[in-house]
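Chemist: Chains as they are written, first to last, in our numbering: chain A, 1 to 314; chain B, 1 to 314.
Everything labelled a hint here was simulated from the structure, so no lab data went into it. Any given hint might turn out to be false.
Copies of one chain are not kept apart here, so a pair can be met inside one copy or by any two copies together.
In the SDA-like style, the derived pairs of lysine to any residue whose C-alpha atoms are separated by at most 25 Å in a straight line are [unchecked claim]:
id: 1; residue 1: K116; residue 2: E92
id: 2; residue 1: K275; residue 2: R110
id: 3; residue 1: K90; residue 2: N111
id: 4; residue 1: K96; residue 2: Y60
id: 5; residue 1: K116; residue 2: W274
id: 6; residue 1: K90; residue 2: R110
id: 7; residue 1: K296; residue 2: R313
So the chains spell out like this:
Protein chains: 2
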Amino acid sequence: MKALVVGGAGFIGSHLCDALLQENHEVVCVDNFSLGTTANISHLTPNERFALYEADASVYEELDEVFVKEKPDYVFHLAANSDIQASASKPEVEYKNTYTTTFQILSCMRNHSVKKIFFASTSAVYGDKKDTVLDENTPNLSPISYYGAAKLGSEALLNAFSYMNNMEVLVFRFPNVIGPRLTHGVIFDFIGKLRADAMHLQILGNGKQTKPYIYVSDLIDAIMQFKNTGMTGITLYNVSAEGATSVTAIADIICDEMKLENVDYEYTGGEGGWKGDVPRFKYCADKIHAAGWKAKYTSDEAVRQTVIDNINRE
Amino acid sequence: MKALVVGGAGFIGSHLCDALLQENHEVVCVDNFSLGTTANISHLTPNERFALYEADASVYEELDEVFVKEKPDYVFHLAANSDIQASASKPEVEYKNTYTTTFQILSCMRNHSVKKIFFASTSAVYGDKKDTVLDENTPNLSPISYYGAAKLGSEALLNAFSYMNNMEVLVFRFPNVIGPRLTHGVIFDFIGKLRADAMHLQILGNGKQTKPYIYVSDLIDAIMQFKNTGMTGITLYNVSAEGATSVTAIADIICDEMKLENVDYEYTGGEGGWKGDVPRFKYCADKIHAAGWKAKYTSDEAVRQTVIDNINRE
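Please model the entire structure based on the sequences and the hints provided.
Modeler: Dropping the structure here:
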């Protein structure tokens, strides 16, 4: 097939381009390079089955041009603002990069009769449900971040567009994704801080924020396995690794891998790292397990592997 | 207080302006007059406590100007595309008039520290759940119309903005609203058709589409009663009349009031009137009943009263 990967030069998108090419699909990569980088895909540009467009998916005309030229069979939508902490002070970033991209992609699909789409959603759509175990049937989704709101709004669009136009939609809601090519987030920050000062580490919150981390290759495997749902409408899965890792445990793993001892952790205090962050949640991936997928890395293993990737990169 | 009613020249909005003025509030009405009309509010323009702005709430700068000048305490957001059937072929209308208006209103509120908002949501956020009784805790909301998707996306925005900015939000999800100043919909259509031809009436679908209809004064009473929630975050209610009315029953009531006999009903067939329409649903308003509100008119009575209003208007 010919796959259009929107956000294909980003962290997750570029790994997906790799996997699709490995399965011998043609890949058309669209990115506006706001967060994506040429470094993530430079190894793919010599490939004849790979095409690259610099375009802004929130602008209908720019995207339409790619649809006209390339006539894709399947759209993988990974374009979004992925720096959630940054958008807490700029909700308009989520309006444009996370919600409007979805609307314009679906409009192009509708106008060009493209029927298949994968959408990267998030655990952030649930909001802060405290001790509730979050599964696909949890009611009253109430995102507390602008990012989560734009993703939930996008899911609503996918519902309506798929019903009105007989589209086949796969939606994965996943928590933090980590691994090679990661560009921000707590692991990235801590390594940078400890390189600057190997004695002290400032940790936002009380360090007890605890979340599941999934290794990027596990997520990509799941996308590849489930990409053809064979059904119109939305097929939805929570996708996650086993277990969860606290912020303090992340610091411990990093210090261990960097061979640092007796680092002084200085907590800023409070439950959450920053406003809009869900400090801890219990995530249920039973549905996708029952469908025959399981992550190879646990959350702790994913964190350790990412630290190793990152240290060895430089 | 000073109330900003966005969509204040529309069907529901203009009735809300009436009620707010009757309670001695100051009212600032904003409308782009795409569906609203000057006729709906011309009786209010002499009132010193009433101000009118022609502005498009989907454009930040136009709305911001009103916030700067008027400094409202409370925003009633009733701006939306209300002609759902029309937007089935133009999803961009919902993107602009239903979703983007919400985003810009919330952005203005955030930037001007306005803390209270009422939002007009809809039973369409639930999607087509067949025989499920729809209440505020129904999971898996899956709108099938672009309108329902834009409203559900708006609710997601209200969640995030209220959490991030300590806003007090009242959301009502209501089904079809009818009464004086109604400009479209099945009742309006049937009366027009029967005036043109008193012998035959074409009815979309099989006539068994059955929904609750709420009389506009009942809805306005509920807004006025619950407008101060006293809590940050979203307070959400399903709001509906008792009972439900089939399309054939509506035709019968209209023929009865127009004194027409032996009209030949010609059904186009099929379950729904048009794609994106939810043909029937069971709506639970127990929560708002328990909180002390009940509609004065049943669904059938609301239909009959609307027919009488409409026939007498001309």
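Chemist: Against the structure shown, which of the earlier numbered hints fail to hold, in ascending order?
Modeler: Hint check: nothing fails, all pass.
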